[in-house]
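*Asks:* Here are the chains, one letter per residue:
2 protein chains.
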Amino acid sequence: MTNFPAPIEELIDEFSRLPGIGKKTAQRLAFFVVKDKKDSAIRLSEAIINVKNRIHFCEDCFNITDKDKCSICSNASRDRSVICVVEDSKDVIAIEKTREFKGLYHVLHGAISPMDGIGPEDIKLRELIIRIRDNEVNELILATNPTIEGEATSMYISKLLSQTDILVTRLAHGIPVGGDLEFADEVTLSKALEGRRKI
Amino acid sequence: MTNFPAPIEELIDEFSRLPGIGKKTAQRLAFFVVKDKKDSAIRLSEAIINVKNRIHFCEDCFNITDKDKCSICSNASRDRSVICVVEDSKDVIAIEKTREFKGLYHVLHGAISPMDGIGPEDIKLRELIIRIRDNEVNELILATNPTIEGEATSMYISKLLSQTDILVTRLAHGIPVGGDLEFADEVTLSKALEGRRKI
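Just so you know, the sequences run in chain order A and B.
Per our numbering, the very first residue in the first sequence carries number 1; after that it's consecutive.
Per our numbering, the very first residue in the second sequence carries number 1; after that it's consecutive.
Keep in mind the hints are simulated off the structure, nothing from the lab.
Accuracy of the hints is not assured; some may be wrong.
Identical copies go unnamed one by one, so any copy, or any two together, can satisfy a pair.
[Claimed, not checked] No farther apart than 25 Å at their CA atoms in a straight line, the calculated lysine-lysine pairs in the PhoX-like style are these:
#1 198 to 97
#2 198 to 37
#3 124 to 23
#4 159 to 37
#5 23 to 37
Note that the structure is predicted; figures quoted are calculated from it, not measured.
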C-alpha cells in the first residue's frame with residue numbers, strides 16, 4: 001500500500017481541483033477532515049451544497065444572491081439612474097464598502113479576452129444593453145479591472161453607447177494598474193469613484 | 001449590503017476553519033464553488049461526507065482504513081514480528097514508499113507533549129503495550145518524528161519496554177540523502193557524526 005484508502009484519495013483529488021490548492025495542501029486538508037469532528041465536516045459538506053442550491057444570479061444585475069433580486073436591486077432607496085458595471089460579484093462588495101456609491105450595479109461575470117476566447121457574447125453585455133434600453137439610465141460607470149481585458153471591455157462598452165446620450169464614465173486612476181479591483185483598499189476605491197471622468 | 005449572501009458567508013466561514021486557509025483564500029475557494037459545475041461541487045461535498053462515514057482506524061494498528069483491518073495488517077505476507085511505531089498515518093505512507101520495510105505498523109496518533117497537555121494516555125500507547133503483550137513481537141522500531149515531542153515519546157516507550165526482551169530500535173539520524181552538508185543544522189551533523197559507520 002503506497003496510497004491512502006479510496007475515500008481519502010477521492011477527497012484529496014477533489015480538494016486538488018480547487019484553485020491554489022496543490023497535492024500536498026489537498027492532502028493536509030483531507031487529513032484535517034479525517035480528524036475533524038463529524039458534525040464540523042458535515043457543516044462544510046452542507047455549506048458547499050447550500051451554495052449550489054441557493055445561490056444564483058439577480059434577475060436584474062446578475063449579482064449573486066439567494067433571492068430573486070439582490071439586496072441592492074430590491075432596495076428602493078438606491079439611485080436607479082446610475083449603473084456601475086463590474087466584472088465580478090466580489091467587486092460589488094468592494095465598492096459597497098466605500099459607502100460612496102448609491103446607484104445600481106451590473107455584473108458582467110468576466111471581461112472580453114480574445115486570447116482566452118471570451119467575446120462580448122460570453123459576458124452579460126447583451127443583458128446590460130437591454131437593461132439600459134428598457135430603463136431610465138443617465139450614467140454608466142465602467143468599473144472593470146484596470147487590466148488589458150478590463151480596459152478593452154470598458155472601451156467596447158463605451159463605443160457601443162457612443163451614439164446614445166448616456167454619460168459613460170470610467171473609474172479614475174488611483175487604482176494601481178495591473179491590480180485587482182477586489183483587493184483595492186476602501187480609500188483608493190473612494191478616490192477612484194470620486195475622480196471618475198467621461199470617456 | 002457589504003456582505004455576501006448568507007450561504008456564501010457560511011461557506012467562507014467553513015473554509016476558513018481549514019488549516020492554512022485564511023479569509024481571502026476561503027473567499028476565493030467559495031467563489032470557485034459558486035462558479036463550479038453543480039455536479040463537481042456535489043462530488044466535493046460527498047467526498048467530505050464519505051471520508052467521515054467510511055474512514056476509521058484499523059482495529060490492530062490504528063492506521064486509517066475503510067475496512068476493519070488496514071491493507072497492511074490484513075496482508076499475510078508481512079512480517080508480524082516487527083512493529084514500526086509512527087506518530088501519524090501519513091508517516092506509514094512515507095515509509096511504505098521506501099519498499100524497505102516488511103513488518104507491521106502502530107500509529108500513535110500524536111506524541112507525548114506536556115506543553116500541549118498531551119500525556120501517554122492521550123495517544124495509542126496503551127494499545128501498543130497490549131498489542132506487544134498479546135503478540136509475538138521481536139523488534140519495535142521507533143519512527144516518531146525527530147522533534148522534542150517525538151524523541152520524548154520514543155524515550156518513554158523504550159523505558160516502558162526496558163525490562164522485556166524486545167529489541168527496541170530508533171530510526172538513524174543523519175544527513176538527508178541529496179542534502180547539502182553546509183545546510184545541515186548542528187544537531188543533525190552531531191547525530192550524523194555520532195552514528196558514523198565503517199565503509
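*Asks:* If a hint holds in the structure, say so; if it does not, say that too.
*Replies:* Hints and how they fare:
1. For the homomeric pair residue 198 and residue 97, the shortest alpha-carbon distance inside one copy (24 Å) is at most 25 Å, but the shortest distance between copies (64 Å) is not.
2. For the identical chains of this complex, residue 198 and residue 37 are neighbours neither inside a copy (56 Å) nor across copies (39 Å), given an alpha-carbon limit of 25 Å.
3. For the homomeric pair residue 124 and residue 23, neither the shortest alpha-carbon distance inside one copy (35 Å) nor that between copies (28 Å) is at most 25 Å.
4. In this assembly of identical chains, the alpha carbons of residue 159 and residue 37 never lie at most 25 Å apart, being 56 Å within a copy and 34 Å across copies at closest.
5. Taking the shortest Cα distances, residue 23 and residue 37 sit within 25 Å of each other both inside one copy (23 Å) and across copies (21 Å).
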